[in-house]
Amino acid sequence: MDDYKEIFLAEANEYMQLLNDCLMNMEENPQDAESLQEIFRLVHSLKGMAGTMGFDLLKQVAHDLENFMEQFKGNEHLLNSEIVDFFFESVDVFQGLLIDPENPGENERETAQLYLEKISSYWQEVLEEVPAETETETGAPSSEGETTGETTAERTAGEEEAVSAGDEMPAGESGVESEGEFEGEPAVDKREEPVGEPAAEGMPAAAGDGEEEIPCADDGEETAEDLTIELSEIEKEILNSAECRGEQGYVVKVVLLEGAMMKSVRSYMVIRALEQFGEIVTAAPSLQDLDEEKFDQAFKVLVVSSFLEPAKVKEAILNIAEVQQVEITLWQDEVAQRQEAPQEAADTSDGVAQAEPAAAQDAAGDEKAPSDADKAVPEQSCRQQPDKKQTSSASVPKVQEKMVRVETSKLDDLINLIGEMVIMRNSVMEKGTGLSEELDQSLDQMDRVITELQNVSMQLRMVPIKQVFERFPRMMRDICRDRGKEVELSISGEDTELDRSIINQLSDPLVHILRNAVDHGIEDVQERESKGKSRIGHISLRAFHESNHVVLTVEDDGKGMDPEKIKKAALEKGVADEEELSRMDEDEIINLLFRSGFSTAPEITDVSGRGVGMDAVKKAVESMRGSIEIKSEVGKGSMFILRFPLTLAIIKALMVRAGGYIFAIPIESIRENVLLQPHQIKTIQKEWVVNMRGEVFSLYDLGKLLNFAPMDEEKDEYNVVVIETGQKKAGFLVDELLGQQEVVIKSLGNFLKDMKGITGATVLGDGRVTLIIDVLGLLEDRRVEVG
Amino acid sequence: MEEERIEESREVQLVAFMLEDEEFAVDIHKVREVIKLPEITPLPRSVDFIEGVINLRGDIIPVVDLCKRFSLHRPEERDEQSRIIIVEIDGSGEIGLIVDAVSEVLRISEDVIHPPPTNVSGARAELIQGVGRLDNRLIIILNLQEILTSEEQLALEEVTITDKDTK
Amino acid sequence: MAKSILVIDDTAFMRTTLRRMLEENGFFVAGEAENGEQAVEKYKELKPDLVTMDITMPVKNGIDATKEIMEYDPEARIVVVSAMGQKSVVIDALNAGAKDFIVKPFRPDRVIEALQKVAN
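Protein chains in written order, with the working numbering: chain E, 1 to 787; chain A, 1001 to 1167; chain U, 2001 to 2120.
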């Protein structure tokens, strides 16, 4: 049970943070319906969790608060800063109760009881302000049924206003929902048309929290917005040509469940499903708006198809979670209905109408023209616009958007193929250059184009790191609260771009490093002050490009790492022995932290339950072909430096012959190539070393290191590839240097991916597989035997 | 070709091949293709039965020498008849199996297949899914999942250390 | 017959909460897993009708686990569980083969609705 409690507390505390954030937003705009919805949901979830754990008082407060908040749904105009302050108080109450939720202390109990009473009294006040329908709701949480009834009544009242207002609407206003089913039933249900209220989610049929999933009748339909599909010239063309081909336009109206989360993903799923049945022309609101969740619950999509079976489409879309309703009508029918709109005067909210009279007029104008033609049989429209068809058919874009959605697998395929092309280009260049001048020219051109293509393809995979960084400020506030530390997080370089596959995996390691910085880096306020440091600690998170890499740094001005302490701990935990330690410099000792089995804190203070250690962070970073190191100064602070290659798939490599085979060494790891004379190579403790311009580093026979044939011992001169990666520097002795080349990295597959020393393979022009050296891995894994 | 109902027992389809003079087979559904031996790039510091990797239309596939895997004595070099059978290992990817010759596609009924004999010990036993009798042929059916088991993976890494020491 | 579900999440609390929710609604929880690697193993072992898969997990995340499970069993029905604001990740999950998604904090009715829809 204690286990669960830990975890419950972690979640609950996260909610507190989220609640705070939302309330802060709400403070700036108390009547924002979305904020209300957010905090309502948070309190609701808290209630649920508390209930599950049996923390009754906590649950009670959450319960009453939740019901109180619910009053404001649809009545956001009643919210003001005083009430928001009152909501803020709840966070304090909750946190008091969270100290010991099973057995809250006396003070916390009293505070909670007091708060409950306050809720009552506020409720009364609010009741007085809200007209009629909420009278019966005093303190009755299970009033869901009644709520529904009341709001319906309210709606009917409201709707009457709508009708009368509608009569005065400009004739072109065409916000009619064509409710007709495909079977041709006309069913404009006016009951759902609210007027004048900035209804957040349409009418919450089931008391807003969805505990009862049975909305009454046709409730939940969102018609507060204008869901008319407007066609641009090009889109009209598309429709026309489709109709000429014998296809039909269908309007698919989808209504999501009230309170559906991540609506943009839902709309994406709907569109994806629809693409199976035909071609998407446009949507209302626009596809862009759908992506940005600028809609309430409903949206429409216009699809053209020759084989669409409404029943099947409905089934497919209704099968998506949180989709409440699907209606399909013929585009022709919808257009026809619009013509009749002015007579019906069934209209939507004034707000919308007022905001878009101009648009409405245009829409009316546009629709009137083709509709005249439409009255006749489709063929006529085809005949009447033969010219337009010709000129525009050449350039008919599928959808008018600035963005397109592409499946990542298609992107990956494209990039792979471009990679293959790069390899082939290399081979062709090799064989073809110098044969004839004409050929050389063509080859040059081809080379240029392919290089450009390669650049573009690399761009396709690049994504700004912002999305990873975004979560951090909030998370940091949470962690700091939790640990009782004060830290300011500054972030720079959010626009730095990284390969998308890295982006996804970066979050976890970074989170851990940040947590670590707060836990073990930044001292608490007293300590800092006594040391003469600023009260508030600083952590800076930076991202930037450097040569061929993306570098991320997390720097704190905390207490830094003490090499002596780390040495001791390393010995104690058996992470390293005396001998090894004696050969290390301070930096290397500090980086011992990355070895498994390490933790300098006596107990784990990380409550989140993740428990990812530094060794796992390093593994994660390295699996992305990156490197990580720590630099630190006792008393001053620490810095974590992560480096990632800019592109994963194609790299420049130096080809070398060693051990009887050819290998590729990534250029990014190479500092330089040198030729050494035998006398320059010294032996220290059975290792070969060289002193180059004052720096001493080890030399290794690459062939031997890889378990292949060793070099000839006696040579006049030795080819040495000096490699440098992160902290490590060394020289590889090879038989021959074969020149630089761009290579496409191919994975070794699941069975071999853990091979130390090899980071992948590439295929040379002749089809042979060449292994790519993982320099860091090779060095770390070495066992010194060279004599 | 019609499917005949053979009372209850089902038929299994296998690709049979030779390793020296013993006959083996694998489930045909796992076989992707059979190719002649291309150039094989050896892997440094790997277990001896992993011959290396090959390039199969752009994919890098590890290749296992089945004779070594079964610790069979190998008298001759590989010849014209040698082949690589590319098989798929559930959930992990593809590998190639070097065999001396591919004989045929067999259809045998399930009840002709028996579990591996108890006197076969150690690693060999795990690799065998069953033994089929056909006329007077004894066909050893491989358990593909075990060809490169995870213990093997660890062994791969540890071997790197010991290999160096023996040099 | 009740549908069997494999519940995957790295926090015990979520797994317990989900389990309770599912069992109260007629599902049979065949097993649990706490990271992507375990998820794949358990899937192969239990062959459940449905899977709820948390996206962010250590060792192997939900998207990779989804890909692997889909490779192993193209008919697998995986519903991913995501926190708010992880839109692109959810889309990646859907593209990796997940049939649908649910968002934390949970609304029990939505969770059940989604699972029932996916179970068909």
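Watch out, some of these pointers could steer you wrong.
[Stated by the list, open to error] Residues from chain U that face chain E, not an exhaustive set, calculated with beta carbons under 10 Å:
hint, residue
1, LYS2099
2, VAL2103
3, ARG2107
[To be verified] Below 27 Å or equal to it, Euclidean Cα-Cα: the simulated DSS-like pairs (lysine-lysine) are:
hint, chain 1, residue 1, chain 2, residue 2
4, U, LYS2003, E, LYS312
5, E, LYS756, U, LYS2087
6, U, LYS2117, E, LYS312
7, E, LYS704, A, LYS1030
8, E, LYS466, U, LYS2104
9, U, LYS2067, E, LYS619
10, E, LYS756, U, LYS2117
11, U, LYS2087, E, LYS294
12, E, LYS619, E, LYS431
13, U, LYS2104, E, LYS59
14, U, LYS2003, E, LYS294
15, U, LYS2060, E, LYS619
16, U, LYS2104, E, LYS5
17, E, LYS756, A, LYS1068
18, E, LYS652, E, LYS565
19, U, LYS2117, A, LYS1030
20, U, LYS2060, E, LYS5
Keep in mind the hints are simulated off the structure, nothing from the lab. A virtual CB, placed ideally from N, CA and C, is assigned to each residue, including glycine.
Which numbered hints fail: Numbers 5, 7, 10, 12, 14, 18, 19, in rising order.
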